[in-house]
Amino acid sequence: MKPQAFEEANRAEWSKLEQQLAALAKREPADEAHRLPHLFRRVCGDLALAQHRMYGRQLCDRLNGLVISGYQELHRALNRGSEGFMRFVSSTLPRAVRGEWRLFWLTMAIFWVPFFAFIIAAHFEPKWIYAVLDPLQRMEMDGMYGADTPTEFLREQYTSHFMMFSFYIMNNVSIDFRIFAGGVLFTLGAVYALGFNGIFIGAIFGYVLQSGNGQRLLTFVAGHSSFELYGMILCGVAGMRLGLALMKPGRHSRGDALRAAGVRAMPLLLGGAGMTFVAAFIEGFWSAGPAPATVKHVVGITLWVLLSAYLLFAGRRADAA
Amino acid sequence: MAPYRRILVQGKVESFHASLQHPRTVAAQTKLDTLQSIELAEGVSVLLRPAGVVVRGLALLLDLLMAGLFMLAGWAACLAVGMLAGATMAIGFVLLVSFFIYWGYFIFAEARFGRTLGKKWLGLRVVRTSGSAAGWGASILRNLLRVADMMPFIPQLPFIGFYLIGAASCMATRRFQRLGDLVAGTIVIYDRDQTPDPAIHLRVPVVASPPPVALTREEQLAFIQFKDRAALWSDSRKEELADELAPVLGASGREGVLRALSVASWLRES
Chain S
48 MKPQAFEEAN
58 RAEWSKLEQQ
68 LAALAKREPA
78 DEAHRLPHLF
88 RRVCGDLALA
98 QHRMYGRQLC
108 DRLNGLVISG
118 YQELHRALNR
128 GSEGFMRFVS
138 STLPRAVRGE
148 WRLFWLTMAI
158 FWVPFFAFII
168 AAHFEPKWIY
178 AVLDPLQRME
188 MDGMYGADTP
198 TEFLREQYTS
208 HFMMFSFYIM
218 NNVSIDFRIF
228 AGGVLFTLGA
238 VYALGFNGIF
248 IGAIFGYVLQ
258 SGNGQRLLTF
268 VAGHSSFELY
278 GMILCGVAGM
288 RLGLALMKPG
298 RHSRGDALRA
308 AGVRAMPLLL
318 GGAGMTFVAA
328 FIEGFWSAGP
338 APATVKHVVG
348 ITLWVLLSAY
358 LLFAGRRADA
368 A
Chain E
3 MAPYRRILVQ
13 GKVESFHASL
23 QHPRTVAAQT
33 KLDTLQSIEL
43 AEGVSVLLRP
53 AGVVVRGLAL
63 LLDLLMAGLF
73 MLAGWAACLA
83 VGMLAGATMA
93 IGFVLLVSFF
103 IYWGYFIFAE
113 ARFGRTLGKK
123 WLGLRVVRTS
133 GSAAGWGASI
143 LRNLLRVADM
153 MPFIPQLPFI
163 GFYLIGAASC
173 MATRRFQRLG
183 DLVAGTIVIY
193 DRDQTPDPAI
203 HLRVPVVASP
213 PPVALTREEQ
223 LAFIQFKDRA
233 ALWSDSRKEE
243 LADELAPVLG
253 ASGREGVLRA
263 LSVASWLRES
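Chains as they are written, first to last, in the numbering used here: chain S, 48 to 368; chain E, 3 to 272.
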C-alpha cells in the first residue's frame with residue numbers, strides 16, 4: 048500500500064481523533080467521547096504500521112504527534128480529591144517522616160544544636176551574640192522584646208492580622224521552598240540554611256533572654272513554633288534526601304537515584320509547606336492576640352505534644368495493613 | 003568487504019558490518035540526533051524530540067516577562083482593594099499575590115496545561131519521561147527546584163538567575179534535563195514538528211529508480227531518511243553523505259545525491 052492510499056483510507060479517523068483531542072484540550076465537551084479510547088488504539092495501530100512500512104517522516108510525524116497527544120489525555124492520574132487529602136494527612140505524611148527517621152534526626156540536630164549552643168553561650172559570654180546580630184538587629188529586638196517596652200507594644204505594632212499572616216506565608220514558606228531546593232546541591236543549601244537559622248534564632252533567643260523580656264518572646268512564639276519548625280525541618284529532610292541521592296546513589300545511576308528521591312521527598316515537602324501555612328495562620332491571628340500568657344503557653348506546649356505524637360503514631364495501623 | 007561503512011539508521015550512526023560481527027555494539031551506537039524513542043502501554047513506540055538549552059532559555063525569558071506582567075496586574079488590583087479596605091489590607095494582598103505568582107505561575111501553568119505561555123509560543127511542552135502529561139506532582143517538584151537550577155542568582159532579584167547549574171545539567175544529560183527535571187522525571191519536548199517540509203525545499207525533479215543491489219530493511223530506512231532529511235542539509239553535506247555510497251550508486255557528487263534520492267522515491271512508491 049502506498050503512503051497516499053494509506054492516508055486516504057484512514058484520514059477520516061485521524062481527523063476525528065484530532066478534533067476530539069482539540070476539544071478535550073480546551074475542556075469542551077467532545078461528541079462521542081466514549082469512542083476516544085477505541086479511536087486512539089486504532090491510530091496507535093496505524094502509527095505502528097506506518098513505522099514498519101517506512102512511510103516516511105511526514106506521515107509518521109503526524110501520527111506520532113497524534114498518539115502523544117492522545118496518550119497525554121487518556122493516561123493521567125485521577126484526582127483523588129478530599130479522600131486523597133485525608134489519606135495524605137492521616138497516614139502518608141507521618142509514615143513518610145518515620146520512613147526517613149535517621150535523616151529527620153540529623154536535620155533536627157543541624158537546627159537545634161546551634162540553637163541551644165547559642166543560648167547557652169550567650170548566658171556565659173555575650174560576645175557570641177554580637178558576632179551574629181549587628182547593632183541594628185539588636186535595636187530591633189530591643190524595640191520588640193526590650194525590658195522597658197510597654198506590654199501592649201506587639202498588639203499595637205501588629206494590628207493588621209491579615210497583613211502579618213500574608214507576610215509570614217510569603218517569608219516562611221519561601222524559606223522552606225529554598226531550603227528544599229538548596230538541598231539538591233549535595234545537601235549544601237539545606238545544611239547551610241538550617242544551620243544559619245539555628246544560629247540566628249538561637250542568638251536572638253539568647254539576646255532577648257539575657258537583656259530583654261524573654262517572657263514576652265516565649266509567649267509570642269509558643270503557639271506557632273511547633274508547626275513552623277516542624278514544617279521547616281520536614282522541607283529540610285526532603286531537600287537532604289535529594290542531595291544524598293546525588294552524593295550516594297547506591298546501585299542506581301545518579302539520574303535514577305534523583306528520580307526515586309523525588310518520589311520519597313514529595314510528601315515531606317507538601318507536609319512541611321502545609322505545616323508552615325498553618326503556622327502562618329496561628330502566628331498572624333493568634334500569637335500577638337490578647338489571650339493571657341498562661342493560655343498561650345499551654346496551647347503552645349499542647350500543640351508541640353500533639354504534633355510530635357501525630358508524627359510518631361499516626362497511620363501505624365496502615366503500616367500493618 | 004563492505005562496499006560502504008556508515009549507515010544511517012533511525013538517526014543513529016553505526017558501523018553496520020561491525021555490528022553484525024559483534025551484536026553488542028548495536029547497543030552502544032552513537033546517536034546522530036536527540037530523538038527519544040518511548041514505548042507506550044499500547045505497544046507502539048513514539049519519538050519525543052527533547053528541547054535544548056537555547057530554546058528553553060528563550061521560553062524562560064518570555065515567561066519572566068509574562069510573570070512580571072501578571073505581578074503588575076495583581077498589584078494594581080491590590081491598589082483597588084487598598085482604596086476600599088485600607089492600606090494594611092492592601093499590603094497583605096500584595097504579599098499574597100507576590101507569593102503565589104512567584105512560586106505558582108510555572109507550577110499552575112505546567113500542571114494544568116502542560117506548558118507555560120513562553121513554552122506555548124515556542125512550541126514546547128513538559129511531559130514525563132514516560133510520555134504522559136506532567137500533572138501537579140511533577141510540576142511542583144520541577145519548578146520548586148528552579149531555585150537550585152537558576153543559581154547563581156542576584157539575591158535582590160530572586161526571579162532572575164543565570165541558570166548555570168540548570169544549563170550544565172541539561173548539557174550533561176541525554177535528554178537535556180535540568181536538576182528539577184531529573185527529580186520530577188520530566189523532559190521538555192517540542193510539541194509540534196518544526197523541521198521544514200522536504201517537498202518545499204527540495205526543488206529537484208527526482209525520477210524513481212530501483213536500488214542497484216538488494217537492500218535490507220535498515221538500509222532501505224537509511225535511504226528514506228536521507229530523503230526526509232535532505233532539505234535540512236547544505237548541498238555539500240548531502241554530497242558528502244552520498245559519497246559514502248558512491249561504490250553502490252555508481253556515481254559521486256551531485257549525481258550521487260540524485261541517485262540516492264531516486265532510490266528513496268522508488269522505495270517509497272513500491
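Be a bit skeptical, because a hint or two may be false.
[What the hints assert, rightly or not] Below are the EDC-like pairs computed for lysine to aspartate or glutamate, each with C-alpha atoms no more than 20 Å apart in a straight line: (1) S:Lys73 to S:Glu130; (2) S:Lys174 to S:Asp189; (3) S:Lys343 to S:Asp303; (4) S:Lys49 to E:Glu220; (5) S:Lys73 to S:Glu54; (6) S:Lys174 to S:Glu187; (7) E:Lys122 to S:Asp78; (8) S:Lys63 to S:Glu79; (9) S:Lys49 to E:Asp65; (10) S:Lys49 to E:Asp230; (11) E:Lys122 to E:Asp65; (12) S:Lys73 to S:Glu55; (13) E:Lys122 to S:Asp189; (14) S:Lys63 to S:Glu130; (15) S:Lys49 to S:Asp108.
[Stated by the list, open to error] Derived Cβ-Cβ restraints for the label pairs, each shown as a range: (16) E:Glu257 to S:Glu79: 47 to 57 Å; (17) E:Leu63 to S:Arg109: 22 to 32 Å; (18) E:Leu66 to S:Leu96: 38 to 48 Å.
Read the hints as simulated data drawn from the structure, not as lab findings.
Ideal placement from N, C-alpha and C gives every residue a C-beta, glycine not left out.
Which of the listed hints are broken here? 1, 3, 5, 7, 9, 12, 13, 14
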